[in-house]
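Residues per chain, in single letters:
Protein chains: 2
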Amino acid sequence: MTGRVTGVGTGPGDPELLTRKAVAVIEAADAVFYVEADGKPSRALATVDAFVPQAAARCAISMPMRADPAEGQASYDRAATEIRDRAKAGQSVAVLCEGDPLLYGSFIYLMDRLPQRPAIVPGVPSFLAAASVLPAGLVRRSESLSLIPGTLPTDAFKQRLEACDCAAILKTGRHLPRVRAALRDSGFSRAHIIVEATTAAQQIVPLEGYTDDTLPYFALILAWKEAAA
Amino acid sequence: MTGRVTGVGTGPGDPELLTRKAVAVIEAADAVFYVEADGKPSRALATVDAFVPQAAARCAISMPMRADPAEGQASYDRAATEIRDRAKAGQSVAVLCEGDPLLYGSFIYLMDRLPQRPAIVPGVPSFLAAASVLPAGLVRRSESLSLIPGTLPTDAFKQRLEACDCAAILKTGRHLPRVRAALRDSGFSRAHIIVEATTAAQQIVPLEGYTDDTLPYFALILAWKEAAA
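As you go down the protein sequences, you meet chains B and X in turn. Be aware that the first sequence starts at 47, since it is given in our numbering, and climbs by one per residue. Be aware that the second sequence starts at 47, since it is given in our numbering, and climbs by one per residue.
Bear in mind the hints are in silico, worked out from the structure with no lab data behind them. Source: prediction; values computed, not measured. There's no promise every hint is true.
The list treats identical chains as one, so a pair stands whether inside a single copy or across any two.
[To be verified] Distance condition first, Cα-Cα at most 25 Å in a straight line; then the derived DMTMM-like pairs of lysine to aspartate or glutamate: (1) LYS271 to ASP158; (2) LYS86 to ASP114; (3) LYS86 to ASP259; (4) LYS204 to ASP231; (5) LYS86 to ASP60; (6) LYS86 to GLU272; (7) LYS217 to ASP114; (8) LYS271 to GLU242; (9) LYS217 to GLU272; (10) LYS86 to ASP201; (11) LYS134 to ASP258; (12) LYS134 to ASP211.
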């Protein structure tokens, strides 16, 4: 490769929470890739929009979210080929990723398909954005914090809850009733739902005050075993 | 309070990894506070140094790291009083925190002592900076990730290791032999030590190739149970 491929973390959604390096890489990009799930506008692209050069190619990676695995793989294959070809032609390619590229990011699947190691610009992850808008200290001293997908089977989910002091529950969606019960059973006495932290659509709701059985996509739960801090 | 108090995450050490918001808050600050542990220069201050206004007060919070708890508490009390007084006088006060203010940050202890909720600018945490320089995907799909202090007693440490797919081990220091054995016993087949990620002093060493019995302060271990990604 003669050009450079960079996975760029775009953070939680507020353009002010982009790093200086993310902005510099995007401003220098010949092509900007982003995942477009189910044809919805990309939040990562919206976050960096003001910094994408007029002349840069904007390349959507179409990803049907409930695709059968083969369809998803084919979509990553096609995108990786285009990224590689553009880099071979000397272009600077920025691949946008909400939050951080290496933390549940689809960029991991693209990275697996590239012939050389890309550069990575880390980003502010959603659980830290969520803590910042409460605001609430997450962990101190010898406490441990776990990032746990709500999609895990109940037994595995509870095992993970039992082995931490503070939990950030991601990908809860329709698993909310199960997640709520597990948190209660595992002694998490304080929990907040934070929706779209740092954006205009931000909402903060104590878990016990949330009556719906489902969480929106850009929502997470922060939960603590103790009532401290 | 008429002035504003903001806890500012300064990220892992590379000034390029400051957020735009961190820079804006620091450039507008009348006073900048930072912890000075054992009289050593503050890494957080060094990271933002170019953005601190000439006229701003630079206020060190002296913190002997092996202080008896009362001494540490007194130091936070004094700093909180000065922060509150400056805010009352209408000043904009930025409190610098390596990484993120709410993730093992001493800012949590200051926040507890302030009469009103401060603003928080989240930052890029060290474990994401470490992953970015390898680079290696941390977790995907239903995997879980835990931040675990190496200072935990062995049984609690192992319980936490058993309940995750990827672990970031912090505060290892002289506990390295114990940490190394626990990782091996818990099936973590791949582990890297990353020292001072994103700075000029950065080092990356596979855990099995590291022969010392102690890790430096700005080092962490990233470990995975599977050899994937």
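Against the structure, the hints:
no. : hint             : in the structure
1   : LYS271 to ASP158 : between (37 Å within a copy, 18 Å between copies)
2   : LYS86 to ASP114  : within (19 Å within a copy, 55 Å between copies)
3   : LYS86 to ASP259  : within (23 Å within a copy, 51 Å between copies)
4   : LYS204 to ASP231 : both (8 Å within a copy, 22 Å between copies)
5   : LYS86 to ASP60   : within (18 Å within a copy, 34 Å between copies)
6   : LYS86 to GLU272  : neither (39 Å within a copy, 34 Å between copies)
7   : LYS217 to ASP114 : within (19 Å within a copy, 42 Å between copies)
8   : LYS271 to GLU242 : within (24 Å within a copy, 31 Å between copies)
9   : LYS217 to GLU272 : both (23 Å within a copy, 22 Å between copies)
10  : LYS86 to ASP201  : neither (34 Å within a copy, 46 Å between copies)
11  : LYS134 to ASP258 : neither (50 Å within a copy, 42 Å between copies)
12  : LYS134 to ASP211 : neither (47 Å within a copy, 35 Å between copies)
Comparing the model with each earlier hint shows violations of hints 6, 10, 11 and 12; every other hint is respected.
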